[in-house]
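So you can see what is in the structure, the chains are spelled out below.
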Amino acid sequence: MNKSGIGVGSASIVLIFAVLCLTIFTLITYMSANTEMALANAEAELVKSYYEADTLAERIIDELVSGASGNVLGAEIKSEWDWDMLADITEFSCPMSERKELYVKIALYEDNSYDILSWRMRDAGEWETDAALPVWTGEDSIEQITGAD
Amino acid sequence: MMEMLVVVVIFAVCSAACVKIFTEAYITANNARDLNSALLAAKSSAECYKAVSGDLNAWSSITGGHVSAAETAVIFYDKEWRTSDESEAAYFLRLTSSGTNSLLSGNIAVCGIAGEEFVSLEVAARGREE
Numbered sequence: 021m022n023k024s025g026i027g028v029g030s031a032s033i034v035l036i037f038a039v040l041c042l043t044i045f046t047l048i049t050y051m052s053a054n055t056e057m058a059l060a061n062a063e064a065e066l067v068k069s070y071y072e073a074d075t076l077a078e079r080i081i082d083e084l085v086s087g088a089s090g091n092v093l094g095a096e097i098k099s100e101w102d103w104d105m106l107a108d109i110t111e112f113s114c115p116m117s118e119r120k121e122l123y124v125k126i127a128l129y130e131d132n133s134y135d136i137l138s139w140r141m142r143d144a145g146e147w148e149t150d151a152a153l154p155v156w157t158g159e160d161s162i163e164q165i166t167g168a169d
Numbered sequence: 691m692m693e694m695l696v697v698v699v700i701f702a703v704c705s706a707a708c709v710k711i712f713t714e715a716y717i718t719a720n721n722a723r724d725l726n727s728a729l730l731a732a733k734s735s736a737e738c739y740k741a742v743s744g745d746l747n748a749w750s751s752i753t754g755g756h757v758s759a760a761e762t763a764v765i766f767y768d769k770e771w772r773t774s775d776e777s778e779a780a781y782f783l784r785l786t787s788s789g790t791n792s793l794l795s796g797n798i799a800v801c802g803i804a805g806e807e808f809v810s811l812e813v814a815a816r817g818r819e820e
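Protein chains in written order, with the numbering used here: chain A, 21 to 169; chain B, 691 to 820.
Chain B on its own, in the form it takes in the complex:
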């Protein structure tokens, strides 16, 4: 009886410690997955921005985002990092464009809907030749 009691106590303590470490590992793995997905989204958006020479309307039609202000466009993503509506969004990518016609500068920020920022990139694009 005494042995069983000790076994149960030790098992309970070890299990609790392991569950705590499992939880931390799960959180870390989720953060890594979010960071990887955010990087992929940011890189893809940056290359699209360069390819369309900084034209936000063209960028939005390629990436599935929408222009939210004069120099700003946004893409919303759901929990699985698929493009979605704002109502289902868990993450978003915001592109802010500025600069002259010859050289445009875009700031890409990928954030969680709560506001935490995963990635922030500066990208430059040659403007369209008139």
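Just chain A, same shape as in the assembly:
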């Protein structure tokens, strides 16, 4: 019996298995490295935006200590006198991104010294509760809902 041409022997089966393993491991490594890089880039953006907001907050406090009032450096300042602390409780936020901001709350004393009461990153977006329940209320007939004649 004469065998000719390319046959699928054990070598081909081993090849398929080896190439399959190699490809899977390569893709996993590549995806893992890309994910690491994306995470590092996201962290870099967050750190940069945090320190930009932090710098702005320090400048705003500098202006407030110097006697500025109203909107300072674009930030909306809220102040309220506290009789217990005998200080102006002042709070404002510095934007970091669309969804995050740096919230600062200080007690500003009459001698122009201050204490930091809060200095933290928080979500800027408003919480919206989805109360919609799209079920049939019984007011419309099935034909009206489906648009059937």
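In short, the hints are calculated from the structure, not lab data.
Incorrect hints may appear among the rest.
As the list claims (entries may be wrong) - Among chain A residues calculated to face chain B with C-beta under 7 Å, some are: (1) 29; (2) 31; (3) 49; (4) 53; (5) 71.
Every residue gets a Cβ at the ideal spot worked out from N, C-alpha and C, and that includes glycine.
Using the hints, position chain B against chain A.
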């Protein structure tokens, strides 16, 4: 024989492609590691700068750096991101301070020794009250 030849050729081509992708992944992972380490160094230095109210000498003693000019301080890192001498440095962090006594501004840049910049941050610190 023909089958073996084809198997070897296909395996060689696939291996070459995989090695190329492995190399790219290795470079990307190294860049990510460098960026993460640079961010950590920059954040740590920024917080130290704020904590010592912009005093570069105090900052240097905490972070292991040294003041290289009137308003500039540097930390050198080796390949493993440990603080090192300039001769063994693979990376460095440069802090440039400026501003008035009440509010100081520091620019922190983390670079490779070849000059590539990983991170650049602006940080403000309240000056020490006289």
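Against the structure, the hints:
Interface hint status for residue 29 of chain A: upheld, as the beta-carbon distance to the closest one in chain B is roughly 6 Å, under 7 Å. With a cut of 7 Å, the hint placing residue 31 of chain A at the interface with chain B holds, because the nearest CB-to-CB distance is about 5 Å. At its closest, the beta carbon of residue 49 of chain A sits 5 Å from a beta carbon of chain B; the interface hint therefore holds under the 7 Å criterion. Interface hint at residue 53 of chain A: satisfied, since its Cβ lies 4 Å from the closest Cβ of chain B, which is below the 7 Å cut-off.
Given the 7 Å rule on beta carbons, the hint for residue 71 of chain A holds: about 5 Å separates it from the nearest Cβ of chain B.
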